[in-house]
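Colleague: Listed below are the residues making up each chain.
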Amino acid sequence: MAHAIEFQNVTKTFQGSLRNAVDHINFTAEEGEFITILGSSGCGKTTLLKMINRLYEPDTGKIILFGEDISSMNPVKLRRRIGYVIQQIGLFPHMTVGSNIAMVPNLLKWEKEKTDARVDQLLTMAGLAPEEYRNRYPAQLSGGQQQRVGLARALAADPKIMLLDEPFGAIDSITRARLQEELLTLHRGMKKTFLFVTHDIEEAFKLGTRVMIMNEGHILQFDTPEQIILHPADGFVSSLVESAREKERFWEKFK
Amino acid sequence: MIDYMAKHYDDLIRAALEHLQIVLITLLLSLALAAFFTILCVYSKTASRMIPGLLSMIYSIPSLAMFALLIPLTGLGRTTAILVLVIYNQYLLLQNFLAGLNGIDKSISEAAMGMGVTPMQALVKIKLPLSRKAFIAGIRIAMVATVSIATIAASINAGGLGTILFDGLRTMNPAKIIWGSLLSALLALLIDGLLRFAEKRLDHSSTSCSLP
Ligand SMILES: Nc1ncnc2c1ncn2[C@@H]1O[C@H](COP(=O)(O)OP(=O)(O)OP(=O)(O)O)[C@@H](O)[C@H]1O
Ligand SMILES: [Mg+2]
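Protein chains in written order, with our numbering: chain H, -9 to 245; chain S, 9 to 220.
Worth flagging that the hints you see were computed from the coordinates, not collected in a lab.
Please note: incorrect hints may appear among the correct ones.
Unchecked claim - From chain S, some residues computed to sit far from chain H (all C-beta separations above 12 Å):
1) L36
2) L41
3) R57
4) I59
5) I66
6) L72
7) M74
8) I116
9) A120
10) G167
11) K208
What the hints assert, rightly or not - For lysine-lysine, the following DSS-like pairs were computed, each having C-alpha atoms within a straight-line distance of at most 30 Å:
12) K150/H to K53/S
13) K196/H to K53/S
14) K181/H to K104/H
15) K208/S to K40/H
16) K67/H to K53/S
17) K133/S to K102/H
18) K99/H to K114/S
19) K67/H to K133/S
20) K114/S to K182/H
21) K133/S to K52/H
22) K15/S to K67/H
23) K67/H to K104/H
24) K53/S to K52/H
25) K67/H to K52/H
26) K150/H to K133/S
27) K40/H to K15/S
28) K53/S to K104/H
29) K133/S to K99/H
The C-beta atom is built at its ideal place from N, Cα and C for all residues, glycine as well.
Using the sequences and the accompanying hints, generate a full structural model.
Modeller: And the structure:
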């Protein structure tokens, strides 16, 4: 069985930059995994994701999805098969919530009944009553509700791979915790491969079946949360784990 | 002055209609050409760097000089006038069209692209609807400019309200001068008002704080 995602020696350098944004990266992810990508700002997380749906082209190396080299695939068709939640949500302000979610099904020319049913199903799944929210505009939703719509929109055509770039970035911690739970439940119910970018260490360890820790375009460690905590690969990773522990201790004091 | 209108109201109406006709024909041709330039600029980085600069250079040529340049090619009359007007409009329209398209939040175009929307679909389904206001504004500015430059075009026998104004100037007839300029100003104000109203309406329907 082919890997869901395979990176072979992938490098990406932006013009005018001295450093590789993504530097000789190798990894594989299996179908159904929930992989979180953790790293500080500018370490190449977004770049890595965007190479998977070919918003960026790698300079060297190969990216293979389910055994197929993506460089030989039509980028538009490829993108319609991958769910993508961008860092800034990016809902279409002139379209209703329903039309936003129906975007990819419409591009794929689904029957209207099928699309409508799918929109309602996804809204329900996202915890938004279809009758109430279907015909609203994005501006009429709270930040958290917009994030949910962004997620529903990415899931619309039932993609096998989901790329989530800090989908809970601009959300208060209570709503965030709830959305994290919902996302886990959602992931458990389907056989999709999730690549979830965050720079919040707790979020990464709570959600990921495996966590990829990146720094300056490299993968420092890619393992289960337990293994990373028990056996940090290097100084950077142990200081990261230590910083999370410290925070924990801070809260312990008030118990 | 009132006497003049009472006697020559048919002339005035004919000139005003002629003027309006020039404005509308110019608008249609200008929109077609500007749409072409806009699409070119959307698709090609080189075009988007070259075309606006070129058009602004052409726009800075005074209209009388432009008429003089074209008369050897297309002769006196309406064709030359409309040609000049269409050329001027390109700068005004493209300026506003591109500003509207570029003013769209980058995250929106990126989300669209990441979902597998083709550049043409993005233009039609997302970018155009989101920049309607800038489009109407561009059309308004271009049409008002057309009304005034079309008045000057009477000097090359293009007809319209300018004919009355220039007749008045030649024969020292104040009634003609006043009616010619007054009607041309009124026409400009009318078009400006109508399109401003349209812009406002769009504003209300797209600031989505009211339920549809
Ligand atoms: N379009 C671009 N052109 C030039 N340089 C870029 C571009 N996109 C990213 N970079 C550079 O590549 C590096 C990695 O950027 P990237 O966006 O992948 O970081 P990130 O890990 O997603 O950061 P953040 O957590 O802030 O979103 C950075 O140094 C950034 O400046
Ligand atoms: Mg990023």
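Colleague: I'd like to know which numbered hints this structure contradicts. Please list them from smallest to largest.
Modeller: 8, 9, 12, 13, 15, 21, 22, 27 and 28
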